[in-house]
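Listed below, chain by chain, are the residues.
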Amino acid sequence: MNRSRRLIATAAAISVLGVGLAFSSRLTGTARAAVGPIPPEALALPADSSVVMGFDVRALTSSQFYARFGQEGEPGRVEALAEIERKTGLNPERDIDTVVVAIRANATAAKAVAGNQRSENALVFVTGRFDAARLESSIPASGKATKERRDGVTIYREASGKSNGTVALLDAGILIAGDATSVDTFLTNRQTGRGIRDSKELVALLERVEPGSTFWAVGGPSVLSRMTSEIGGPAANLPAVKQVVAYGHLDPEVGMTATAEAADAKSATKIADVLRGFSAMLSLQAGQKAELAQIADSISVATEDDKVHVKATITHDLIDSLKKSATSSHNRARKAIEEAEVH
Amino acid sequence: MTAEAPVLAIRPVWPGARDVFFISIERMLPRARSFWVFLLLALPVVLGVLLRIYPPKAPLTGFEFYGVIVALFFVRNLLPLVALLFGSALISDAVDSKTLTYFLTRPVSRLSIFLGEFGAYLVTVLTLTVPCVVLTYLVLCVGTPQGAGFGATDLVQDLGACALTLFTYGGLFALLGVSLKKPLIPGLLFLFVWEGFVANFPGDAPNYTITAYARSLIRHRPSEEGLAELFSKFFGVGESVLVLGSVGVISLALAIWIFSRREYVISS
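Residue numbers (the numbering used here), protein chains in the order written: chain A, 6 to 348; chain B, 38 to 305.
A few of these clues could be false.
What the hints assert, rightly or not - Below, a sample of chain A positions facing chain B; criterion: calculated Cβ distance under 7 Å: (1) Ser9; (2) Leu12; (3) Ile13; (4) Ala16; (5) Ser20; (6) Gly23; (7) Ala27; (8) Phe74; (9) Lys152; (10) Met261.
What the hints assert, rightly or not - If you only want the chain A side, here are some residues facing chain B, beta carbon under 8 Å, derived: (11) Asn7; (12) Arg8; (13) Leu26; (14) Phe283.
Hints were generated in silico from the structure; no laboratory data involved.
A virtual CB, placed ideally from N, CA and C, is assigned to each residue, including glycine.
When you get a sec, could you build the whole thing from the sequences and use the hints?
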């Protein structure tokens, strides 16, 4: 074999082995069982979910960000976790690993929206270490609840008649909560093997979430179009967004990446222009608050056909600076009110 | 009675091109230029190792670093330069090494000669480039929270984008090589003035550059910054492949046409 053939063979071998290694890691890793950031046990979440979001509680609570901003009154405080602690006795820092929330917006829900009722059927999937005895003692305390045992699953149903909230403890490591219909759907899916994998669109969106993200969300058109119309103001005039994939991390800086898919390239450009305009407005206010200019600089917007890519990175120091600035403004306003009351 | 000299039949195009390819690849691949180009292409691998040993404070994941390297280092800057070095010298090197004299006195058509030379160019540059891209990916992504499997599909697409970039620029610079006596300076001006600046102009100007289409093929590319963010234009994958492929094929066709008609005076 002459030199050039040896070189070509070596290069081909390196390339094939490298690509093979990349794909084998993809096949043999957790990605085979899970779909994107969804753990394998949560694949029974409904396939007709319009929005699926989640966060890695363990990564959150062990982050530098949480250590710095996670205390009472700090911007990093996640009230939902505090609420979980109050209602269930679970300590998120100690007991919870991941939280996944699936929101369904079906036809019935759409009718409810017209009547200004809360319509989403949110199903919360939590993994961690759950003390069944503590849960049992806390759930009835926060309201009347009935307990039933079905196929090895302990189900607590709200019995006061105010809502149809249900909590199911699948085992010592998995808990699901939501309205009775959603929880029942999950349990049925779990037995029949149906679930989120049945929706190719949702799977495609979830697989675009970067593994290792601390928080993430994917959404389809039905909820997103409602969101913009419900927000009102300039957002209501934004072109409809077909789908969104967003994910981010907290350390060493808070970073967020979002990709929105619009109906066409023109709509994508319009959305990008609105976002750039928002960034420009922040820059204009830099005279009053220098931090706003830094935030504006940290946001980058790019378009690609019918997609809008947004990326933002905010340092912990900048958040700290914003917090101090907000606190001093608040104190000044309070002092002014107190002085006005004295006079 | 006079004996007539036997007339050798011209070999068919593809067998002729194959023969030229095997001779040309020996001239192109195992030589000093290829070695230096390989070192240049391997720089991101070394950079990746350093980044893994000394992680920067920048909030970029390994895969994002890989995206930056493929989009900015390989596709935008280095591959066009590699194509210029090898593509523009396609025929002139054959002249210098006297292999062109050998080919032209053999029963092979000029079309076969050019196709064989271009095939050798493609195999040479891909042999140098593909392992470097794959190793860069592995060095930056293995053992990271994302894992080696993340972006495996993107890696394959990137390799395709690199191959298409090398084909298109190679065709263009081969055309430059057969048209001009000294193609290097015009080639560099084209790369760094036209491709470097016009691709980021506002309006339709980027439509007339190759790099705008090549960079559109890297779908996980990093966001542009500054003026580039405002003015950069990106095209659909299908459109980009079509334009790059068409430019490459048209350039090659023109280069073959010029090569077939040009007279080469081989000095002793």
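Checked hints:
Because the closest C-beta pair between Ser9 (chain A) and chain B is about 4 Å apart, less than 7 Å, the hint holds. With its C-beta approaching chain B no nearer than about 6 Å, Leu12 (chain A) sits inside the 7 Å limit, and its interface hint holds. Given the 7 Å rule on beta carbons, the hint for Ile13 (chain A) holds: about 5 Å separates it from the nearest Cβ of chain B. A distance limit of 7 Å between C-beta atoms decides the matter here; for Ala16 (chain A) the minimum to chain B is near 4 Å, and the interface restraint holds.
A distance limit of 7 Å between C-beta atoms decides the matter here; for Ser20 (chain A) the minimum to chain B is near 5 Å, and the interface restraint holds. Using the Cβ-Cβ criterion of 7 Å, the hint placing Gly23 (chain A) at the interface with chain B is satisfied: the shortest such distance is roughly 3 Å. Residue-level restraint check for Ala27 (chain A) holds (minimum Cβ-Cβ distance to chain B is 4 Å; threshold 7 Å). Hint on Phe74 (chain A) is violated. Least Cβ distance to chain B is approximately 16 Å, over the 7 Å limit.
About 39 Å separates the beta-carbon of Lys152 (chain A) from the nearest beta-carbon of chain B, more than 7 Å, and the hint is not met. Given hint, Met261 (chain A) at the interface with chain B, is violated; its Cβ is 10 Å from that chain's nearest Cβ, farther than 7 Å. Interface restraint check: Asn7 (chain A) against chain B, minimum CB-CB distance 7 Å, threshold 8 Å, status holds. With a least beta-carbon distance of about 4 Å to chain B, the hint placing Arg8 (chain A) at the interface is held under the 8 Å criterion.
Given hint, Leu26 (chain A) at the interface with chain B, holds; its Cβ is 6 Å from that chain's nearest Cβ, closer than 8 Å. Look at Phe283 (chain A): its Cβ only gets to about 15 Å from chain B, farther than 8 Å, so that hint breaks.
Checked against the numbered hints given earlier, the structure breaks hints 8, 9, 10, 14 and satisfies all the rest.
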